[in-house]
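So you can see what is in the structure, the chains are spelled out below.
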Amino acid sequence: MVYLKTPEEWQHHSALLLQARPTTTRITTKYKIPNLASPKYQKPNRRKRDGGEGEQKEQHTGSKVSRAALVLKTYDPESGVVLKLKTDKAADVGRLIAGLGRLGRRMAALPEKAEEAVMEDAEVAEQAAVGGAAAPTGKETTAAINDGKAPQAPGGGGGGGGAKKKKKGKK
Amino acid sequence: MAREHLSNDDFFTQLVTLIETTHQKGHGSVYLTQKRLTYGTSDPSPPTAKVPDDPLWDLHPPNPLPLIVRATDGKSHKLAKEEGADATGGIGRTKNGEKVKLSTVVQPESIEAFFTRYAEVCKVGMRGLRRRDRSKRKKKEKGKKKGLAEGAKP
Numbered sequence: 001m002v003y004l005k006t007p008e009e010w011q012h013h014s015a016l017l018l019q020a021r022p023t024t025t026r027i028t029t030k031y032k033i034p035n036l037a038s039p040k041y042q043k044p045n046r047r048k049r050d051g052g053e054g055e056q057k058e059q060h061t062g063s064k065v066s067r068a069a070l071v072l073k074t075y076d077p078e079s080g081v082v083l084k085l086k087t088d089k090a091a092d093v094g095r096l097i098a099g100l101g102r103l104g105r106r107m108a109a110l111p112e113k114a115e116e117a118v119m120e121d122a123e124v125a126e127q128a129a130v131g132g133a134a135a136p137t138g139k140e141t142t143a144a145i146n147d148g149k150a151p152q153a154p155g156g157g158g159g160g161g162g163a164k165k166k167k168k169g170k171k
Numbered sequence: 001m002a003r004e005h006l007s008n009d010d011f012f013t014q015l016v017t018l019i020e021t022t023h024q025k026g027h028g029s030v031y032l033t034q035k036r037l038t039y040g041t042s043d044p045s046p047p048t049a050k051v052p053d054d055p056l057w058d059l060h061p062p063n064p065l066p067l068i069v070r071a072t073d074g075k076s077h078k079l080a081k082e083e084g085a086d087a088t089g090g091i092g093r094t095k096n097g098e099k100v101k102l103s104t105v106v107q108p109e110s111i112e113a114f115f116t117r118y119a120e121v122c123k124v125g126m127r128g129l130r131r132r133d134r135s136k137r138k139k140k141e142k143g144k145k146k147g148l149a150e151g152a153k154p
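The listed protein sequences correspond, in order, to chains P and G.
Just so you know, the first sequence maps onto residues 1 to 171 in UniProt numbering.
Just so you know, the second sequence maps onto residues 1 to 154 in UniProt numbering.
For the record, the hints were derived by calculation from the structure and aren't laboratory data.
One or more of the hints may lead you astray.
Said to hold, decoys possible - Restricting the straight-line Cα-Cα distance to at most 30 Å, the calculated cross-link-like pairs of lysine-lysine (DSBU-like) are: (1) G:Lys78 <-> P:Lys86; (2) G:Lys75 <-> G:Lys101; (3) G:Lys75 <-> G:Lys99; (4) P:Lys73 <-> G:Lys78; (5) G:Lys25 <-> P:Lys86; (6) G:Lys95 <-> P:Lys89; (7) P:Lys30 <-> G:Lys75; (8) P:Lys73 <-> G:Lys99.
Owing to the predicted nature of the structure, the values given are computational and were not obtained by experimental measurement.
Let the hints inform the model, and build the full structure from the sequences given.
Below you can see the structure in the form of structure tokens.
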């Protein structure tokens, strides 16, 4: 399982996974309001209190209000790949749902909109090589897509795909 | 317990209620899932039938496929008694008959409209997230211009 750092990164990798396994991949969005009274949120406090720099951290957690969070998860049961993104920024919600729409189009096997393809290229400009192959137009491109994707999201290879992805994400 | 798929409109109405009840409770989760609809379609020969020899069997279906979008409160189980809550985990849990489960099928042609509305519902419903911190920026704007140039980036 990989936690990706930015929404753009998550979007990009999810798109690649979806491209490789459009039928089995699912995207789950979890909106969570934590229950601060539950034991889960009491324990870490205690541990920090015992630690050396306990006081500082205690102050930090003391002022903690019930902060909702959004966790997006792209999961392909066939290869076991999990891509996660956690955010607590309200500003991300609209962008992420728009991203879900874009990924939804891929799920439905609809062609990408031209402007969206351009946007995505801009988002992942540093990965230009992969981005260039991210616009499926016909069967001829299948091989090219897979070549481009090979280091990140190998189409076949079941569990192996998951392992490679993990390594990539940790870098 | 909705076994039947809801219409997109009903789905949104009930999703709003679901998010609202979660807010009223003060804690809890809402799970939203989307995936390609691969069964139960009226199409007699599903375009997504698996071809064992071809690992790329599902990459280029001839027709666009519908999506299924689900929403749940994630409460599959409920604790039978309060004592059941301690370390034993699974023991003391029973199936929760009142689990909220919503699902709807989104046709390819209505994806655009669906997600526009979906974004609206989520933006309105998902409160409690961190707002953009404007107070910090204001301070920096008042300060030196150098500080503004640096502070504007993060």
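Quick rundown of the hints versus the structure:
1. G:Lys78 <-> P:Lys86: Holds. Lys78 (chain G) to Lys86 (chain P) sits at ~26 Å (cutoff 30 Å).
2. G:Lys75 <-> G:Lys101: holds (10 Å)
3. G:Lys75 <-> G:Lys99: holds (5 Å)
4. P:Lys73 <-> G:Lys78: Cα-Cα ~24 Å, so holds.
5. G:Lys25 <-> P:Lys86: Given that 30 Å is the threshold and the Cα spacing comes to 22 Å, the pair holds.
6. G:Lys95 <-> P:Lys89: Outside the cut-off at roughly 34 Å; violated.
7. P:Lys30 <-> G:Lys75: It holds: about 13 Å lies between the C-alpha atoms, which stays within 30 Å.
8. P:Lys73 <-> G:Lys99: Holds - the C-alpha atoms of Lys99 (chain G) and Lys73 (chain P) are around 21 Å apart, at most 30 Å.
Hint compliance for this structure: hint 6 is the single one not met.
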